[in-house]
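Enquirer: What follows is the residue order along each chain.
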Amino acid sequence: MADTVTAPITSVEEPLDLVRLCLDEHIYVKLRGDREVRGRLHAFDQHLNLVLGDVEETITTVELDPETKEESVHTTNRKMDMLFVRGDGVILGLIPSILYTAPLPKKLDNHAINLFRPPRERYETPILFDLSKD
Amino acid sequence: MADTVQPKKTPSDFLGAIIGHPVLVKLNSGIIYKGVLACLDGYMNIALEQTEEYANGQLKNKYGDAFIRGNNVLYISAAE
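Going line by line, the protein sequences match chains A and B.
Numbers given in my numbering equal positions in the first sequence, counted from 1, plus 9.
Numbers given in my numbering equal positions in the second sequence, counted from 1, plus 635.
It is worth saying that the hints were derived from the structure and are not from the lab.
Predicted model only: the values in this text are computed from it and were never measured.
Please note that a few of the clues may not be correct.
Unchecked claim - Okay, derived cross-link-like pairs now, DSSO-like style, lysine-lysine, Cα gap no bigger than 27 Å in a straight line: (1) B:K697 <-> B:K669; (2) A:K78 <-> B:K695; (3) B:K697 <-> B:K644; (4) B:K644 <-> B:K661; (5) B:K695 <-> B:K669; (6) B:K644 <-> B:K695; (7) A:K88 <-> B:K695; (8) B:K644 <-> B:K669; (9) B:K697 <-> A:K88.
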């Protein structure tokens, strides 16, 4: 009998596999300089260069009032349709969805895997930017 | 006398041994991530499960799975 899951369950063997699982997902990325971006991950490479769509960037700044010496935290938001993030600015990346509060896919049941695993062809998505060449 | 010859141990052996175990990862910025080490690679990129983010000793966030870019890592410590 045919199994309900025909493709082998792709386990996370190296950290970049986790990023691959995030392709086409709405992700949260923490960047250097107290910046964070949320957007849909269109492409990435081994440097963590990212191409994000439908992006919202949040910049957090701490201002010191020269008179009262009080620190106040400000956030600035901006929206962009498409954004290229250079990999060296990346600190942390994750999917802020509830599914990702579950363990990694190798431990999820089939239903949950199909819910959040991208279609198989997405694994074959060519890397758009390969800066390692030339 | 009873001591056996210690096999050559490297930092990678340690990292390999703690995969699947709770770890504490400190970044250069001082932020600490606690979680279960899912895997890591030669760049010290890290995938963590059940991640907790601590800044100044206070729990700031909880994430399911998190990816940490290796260049930010100060140390990885086996927790508990």
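Enquirer: All the hints need checking, so say for each whether the structure fits it.
Expert: So, going through the hints one by one against the coordinates:
1. B:K697 <-> B:K669: holds (10 Å)
2. A:K78 <-> B:K695: holds (25 Å)
3. B:K697 <-> B:K644: Given pair K697 (chain B), K644 (chain B) is violated - Cα atoms ~34 Å apart, limit 27 Å.
4. B:K644 <-> B:K661: This hinted pair holds, its Cα atoms lying about 23 Å apart.
5. B:K695 <-> B:K669: holds (12 Å)
6. B:K644 <-> B:K695: violated (36 Å)
7. A:K88 <-> B:K695: holds (25 Å)
8. B:K644 <-> B:K669: holds (25 Å)
9. B:K697 <-> A:K88: holds (25 Å)
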